[in-house]
Amino acid sequence: MVGLSVGEQHFVKGGIAQDLRTDGRKRLAYRPIYVETGVIPQANGSARVKIGGTDVIASVKAEIGRPSSLQPDKGKVAVFIDCSPTAEPTFGGRGGEELSSELALALQRCLLGGKSGAGAGINLSSLLIKEGKVCWDLYIDGLVISSDGNLLDALGAAIKAALTNTAIPKVNVSAEVADDEQPEIDISDEEYLQFDTSSVPVIVTLTKVGAHYIVDATAEEESQMSSAVSISVNRVGHICGLTKRGGSGLDPSVILDMISVAKHVTEALMSKLDSEISAAEACEDES
Amino acid sequence: MEVDREDGRTPNQLRPLACSRNILHRPHGSASWSQGDTKVLAAVYGPKAGTKKNENAEKACFEVIWKPKTGQIGKVEKEYEMILKRTIQSICVLTVNPNTTTSVIIQVVHDDGSLLPCAINAACAALVDAGIPMKHLAVAICCCLADNGYVVLDPNKLEEKKMTALAYLVFPNTTLSVLPEGSSVAEGEPVEHGIITSVTHGVMSVDDYFLCVENGRAATASLSAFFRKNFQQSQRDSSKAG
Amino acid sequence: MSTEVSTSPTSLIGQTVVPGDVVLDLSNMTNQTIKLGSGLRQDNDAISAMRAGKFRFSKPNKYWVESSHKRYIPRPEDTVLGIVVDSKSDNFWVDIKGPQLALLPVLAFEGGTRRNIPKFEVGTLLYVRVVKTNTGMNPEVSCTDASGKAAGFGPLKDGFMFETSTGLSRMLLSSPTCPVLEALGKKLSFETAFGLNGRVWVHAASPRVVIIVANALMNSETLSGTQQRIMVEKLLEKISE
Amino acid sequence: MAAKPGAATPTYSPKLVGRSRLPVFKDSDLDWSRPDGRGFHQCRPALLQTGAVSSASGSAYAEFGNTKVIVSVFGPRESKKAMTYSDVGRLNCNVSYTTFASPTLGQGTDHKEYSSMLHKALEGVIMMETFPKTTVDVFALVLESGGSDLSVVISCASLALADAGIMMYDLITAVSVSCIGKSLMIDPVIEEEGCEDGSFMMTCMPSRYEITQLTVTGEWTTPNINEAMQLCLDACSKLGEIMRDCLKQAASPSDE
Amino acid sequence: MGLPDSSQVLSTEMEVDAFRRIFPLRFFERHLSESLRPDARPLGKARDTIVNLGLVSTADGSALAKIGSTTMLAAIRMEVMTPSADSPDEGSIALEFHMPPICSPTVRPGRPADAAPVISKRLSDTILSSGMIDLKELCLVSGKAAWMGYLDIYCLDADGALFDAALLAAVAAFSNLQIPVVALNDNGRIVAITGGKDQDNASIIEKKAVNKEKRKLTLNNIPFSLTCILHKNYILADPTTEEETIMDTLVTVVLDSSDHMVSFYKSGGTVLASSSAIKSCVELARTRAKELKQILGEMDID
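So the protein sequences, as listed, match chains A, B, C, D and E. Note that UniProt numbering numbers the first sequence so that position 222 is 222, with each residue one more than the last. Note that UniProt numbering numbers the second sequence so that position 64 is 64, with each residue one more than the last. Note that UniProt numbering numbers the third sequence so that position 94 is 94, with each residue one more than the last. Note that UniProt numbering numbers the fourth sequence so that position 147 is 147, with each residue one more than the last. Note that UniProt numbering numbers the fifth sequence so that position 169 is 169, with each residue one more than the last.
FYI, nobody ran anything at the bench for these hints, they're computed from the structure. Heads up, some of the hints might be wrong.
[Claimed, not checked] Listed below are several chain D residues computed to face chain A (Cβ distance under 10 Å; list not exhaustive):
id, residue
1, 87
2, 113
3, 117
None of the values given here were measured: they were computed from a predicted structure. Beta carbons are placed, not taken as given, at the ideal position from N, Cα and C, and that holds for glycine.
Using the sequences and the accompanying hints, generate a full structural model.
Given below as structure tokens:
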């Protein structure tokens, strides 16, 4: 992590208290966001998101699979995150594993919704090809290339962009077969289906430093945090997921306050992301 | 004889024994031991410095690794490892080399019944070969109880399957002693008649168990003599020159 | 030699014993002081063997079990060949084939002071004397004799080292000179060092001689005196052809 | 000997697992009741007991309806050799399930996700600086899973820590709420969890009135969140009282 | 061991707890010479034993056995399998003994205890060879379907005599076992008949129920076990963990209800078992078996 001297620590904290952070931002201002889609041609969809010094790539790969016996009417989605040693030398070997699984878990919570499927960013039923027999398995891989704080928000945005970029081939299933046989499938290489990503939520992390909280914290600022709350909000303003990090406790009213601030921030962030993504998509189409 | 054995042995007759020591170059001690077609190789490394966690560092520790003829090790092998380890620990002098670990590796070459006793005998020979300080030797024998109540020693695999019950018994070897006869007696019987290890399979009456113990004990004399002869031979080989 | 197992022999001296055999009964020898060597342990009045080997007695009062092993258990005053495996500010760590590494204090050299600490690379072969073997501690070795003189101890340069059993090295060190050495010594000129831990070092002007000597020594373990002489003669004949 | 075919033979349970789900609750029928007959805002009766495992430094057993959990605390004891020096203590958590914990789950396994969540819930409340260089191990075994497993494990763990005499700022209590349709139900059972639209789990320090952990999944409106939080806070403080009583009871016989 | 004299001198002025830690063996031998153990038991007496049945609602049969502090939870789940060709009308039992990290300070997560697979093997050997269960009773449709009983035993608290407690829990779990009523459906699979709730199903299946009478297993020759410690000439029944670590010679005798020997297990240990010691152990086990039989009998009232 970032090693700061006592003087620097005071400077960071003091700046936040006065609503002027070290890089000149206000407490609730984001760093510039840069989105690029289609960065990995082999994947069904991919995107790269840079927020300041944080740089992540997300890719979506779709494979034909079998629905689980517990949920025969749904496809499956798995999220994996890899923290590359290029971001932080300590991520080498097994060092990044803990952070990776923590991020993957938080993203899974935000994207997949409740057990019944309510609030899911990805409609699992739309991944079904034939009940109990064939479905799409979606593998979402996130890669952290460079880390300067706020990884969860960046990954969330990258996955949203990658899903928008995703095209899944159309599949035709042969007619009825016996109960215990696998039907034949025919994957079309011309027709593609696009995902409806309007319901994919965006994630906002509010980091508490001193008595105030900030969005889009840099690594320096994160090192001074007492706790952080990540909230994912969808287009209609419903909360789809929430996780808290950091050991210290928070007063219930503070959390409620954070939630309402987060909702406010996401509105701006959502439209910003939307325009960035469509610009990136357009850019890719041209090239 | 009342019991007919497939290979024409009498009930108390063991299969031919064979043992050769110092057969492997790398280990500090090694031996191969066979009883009929059952054959086991044992290798000893150590003592090496240090003990594992959870082990008593004030004593010498042993670890046993069982390599089956084929396949992976399962629960049976784990149980054998534990029995061998505890048996070895009870016959070795643990206070001479404190805070050391000695590894015993058992490789099954062929299993035709009485595998565990065979492995214990092989391990014992290998430990002697490595010069590990021991209180005494251990001789192991398998006793089988046939349907008609007779006890059969050192069964092969076929006999093991047919038996109602069997007992693997380990005794101390018959030793030479300059002490006057009868001086090492505890509660009316010589100390060396005590059982080091006993593992049984199948249901039998308590009296039948004692019958097994008695028959098994009788066989230890010939096994002990075989051990002694084997050591004398190799001793002759190596120390003639001196 | 191949005495039948009888339950109560009168004396086992010179015989092969196996672990557990009771070799001495102290209750019969109350007014004697005896010294017990390796392979024996005391259990009240009974002295029993804990290794297999030949039970030996040497006048006036030493008893031990003679056996040959690949592993060495250090005993004070043994001379052994060690290999340096690490060097620290106060000690060298030396492998002497025992359960633990041995410590060689950097001052344990003739006239050793803080100013003239020798430098040994890892892998250096040393001829050393075992000083202390306390249980629970690493054994300590020294490059001086009891009076503090070098007396031939120290690093062995050049030459060839090979590992044998403790029995063979004891045989080679025995007096009168072992027949195989005698026979070789008549025809060839070479230098040797035997460690009781089963390591043997041979040095000669030409590698040829080193190889001949090393082979002859390794072959001699299981041979009688006469056999050894014949073996050496045959070997030398073959080489000179 | 009677050699068994072993576990290699494939087997199946005659009980139909997949289809025995609860009928989905409609918003319209308001008169349906919860599987165990509780009110929506009523917790299951909690049975708590300390000192369940004699060989541990501290332990506790918790039974909330069908959810049965044992937590053992070992230490503070020597850290693993590979660990470097640290002037604060370490906390090591592990949650595992028995093979028969739930009717659906095949085999008992370590639950990595719960292990790390238990760790996060506890680390803020333990005074780590009181046991430098050493580790406190908190191991939980879910004997039977009957819903709200993680919150029961967390509450039980804090009780076990108190039983072990590990210094803490406060007890930790954890409560979950499920959202099905428009209704919120506290302390859900496993059937309710299976068809919930959203889940909400909160751990808090009842005396300090602070939230240490909060996880929300599914879709929630702000008023729902407010309500759930209030429900949890109330339940937490009640649970805190029960835990306090349990500890007092355990301590009182020794005073006499 | 090596310092009997110093311990003697020190013991007069040392606190009992300190003496117990520093000279554990002396501490115990002092007790043994008075024929008493530190927990106030006579040498041959086992600790208080409690058995509770049917605690796990997700299992078909379960039991909790407690011997002193040693606690075992056993649960059986019944599943259906196709029997092997050489025994078409026999079911099967798969037994697993677990030592989760909660039970003892020596077990760490990720590294299973060495003792667990060994006890597991001994338990399944004992139960299968004792003939307590007739595997033929587990048959449903000859050659087609039979029960596979998954018996899992969890050690919740390890304080010595693990095998005894585990065996007791296993036996009690079998006595608690309620085999579900099942029927053969059209696809050749066995399905459970779930009470009266599913009305539409029940009427069809009523006539086809395969195992109406076979809801419980008949248990003959129930095995009971007692572990003893041999130390010098003393025999201590039902040892605690502390006693097991200080004195290392353990003997486990398993007798069945008709007084036959199912197992005599001793692996190593410094003390050799003489014939008289074996006889005493068997005698102690006999008394213990009667005690346990009574405890189990009280349970079986339902």
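Verification of the hints:
Nearest Cβ of chain A to the Cβ of residue 87 of chain D: about 17 Å, over the 10 Å cut. The hint is violated. The beta carbon of residue 113 of chain D comes within 6 Å of a beta carbon in chain A, closer than 10 Å, and the hint placing it at the interface holds. Nearest Cβ of chain A to the Cβ of residue 117 of chain D: about 9 Å, under the 10 Å cut. The hint holds.
When the structure is compared with the earlier hints, a violation turns up for hint 1 alone.
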